[in-house]
Amino acid sequence: MGWVVMSERELNRVEVLAQVDDGRLSVDNAANMLDLTRRQVFRLLKRYRQDGAAAIRHKSRGKIPNNQIHKAKRDYALGLIKEQYPDFGPTLAAEMLAEHHGFKVSRETLRKWMVEDGIWLSRKQRRQFHQPRLRRECFGELIQIDGSDHRWFEDRAGPCTLLVFIDDATSTLMELRFRSTGKLFARTRTPRCILQRQTHSVPRGQGRRQGWRGYDPVWTCFESVERRDLVRQFKSGQGAR
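Numbering (numbering that gives the first Met the number 0), first residue to last: 0 to 240.
These aren't lab readings, by the way, just hints derived from the structure by calculation.
Quick reminder that beta carbons are idealized off the backbone N, C-alpha and C, glycines included.
It cannot be assumed that every hint is accurate.
Said to hold, decoys possible - Below, computed lysine-lysine pairings styled on BS3-like, alpha-carbon distance capped at 27 Å:
id	residue 1	residue 2
1	K70	K58
2	K123	K81
3	K72	K111
Stated by the list, open to error - Listed next, with one range per pair, are the computed distances between beta-carbon atoms:
id	residue 1	residue 2	range
4	P158	K111	50 to 58 Å
5	A17	K58	19 to 27 Å
6	K70	K123	52 to 60 Å
7	S147	D116	42 to 50 Å
8	F177	P85	51 to 59 Å
9	V26	V114	44 to 52 Å
10	K123	E153	43 to 51 Å
With the hints as constraints, model all of the structure from the sequences given.
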């Protein structure tokens, strides 16, 4: 005896019909449970008694759908896309096939074909996973600054920005500062004492386009400007993004 593939709904029907056939369940209750009419239940019960549980299986299961496009047409369309439109998406490729080749097919059908053939990647497959940036090795080598705008003092003062200084290597909270604005200049106006007691010496460069031989391309340079106590942080390289 071979295997019979059935859906969950069909298995549920077989179980209910078996109870009706054994007299444990009435036809009315079976109709309510299966969301069918009495006539439909009697038809299914007749098929069940004649041919068993396999008779409840949908008769079209395993057969080729009547509206399925022939495989030769599918191969013809995919061949045109590979030769003439290899970098086109499903929507534009469907328009080109209809306009220049007289081959009309829906974009979703074409999308399915292209995904199955490996020409097109689904949105889930196109998702890019970026390599996380590694933490710095030394405490104080890099301090990250972030700000949060909020009414921290409720109605006693206006909105302000809380600046948070965190060490990259150890995630240590270095400093908290309130500023009236969260713009770049306000973020960089940190006290010189933070740099003097916490930061680690790093290579000092003249610019992004000049060579950094012997150092990692991902570098950070702090400059202390006497007039403004300004901390300039230069970053280059993909890992610093």
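Hint by hint, here is what the structure shows:
| no. | hint | verdict |
| --- | --- | --- |
| 1 | K70 - K58 | holds (23 Å) |
| 2 | K123 - K81 | holds (22 Å) |
| 3 | K72 - K111 | holds (14 Å) |
| 4 | P158 - K111: 50 to 58 Å | holds (51 Å) |
| 5 | A17 - K58: 19 to 27 Å | holds (20 Å) |
| 6 | K70 - K123: 52 to 60 Å | violated (27 Å) |
| 7 | S147 - D116: 42 to 50 Å | holds (49 Å) |
| 8 | F177 - P85: 51 to 59 Å | holds (56 Å) |
| 9 | V26 - V114: 44 to 52 Å | holds (46 Å) |
| 10 | K123 - E153: 43 to 51 Å | holds (45 Å) |
Checked against the numbered hints above, the structure violates only hint 6.
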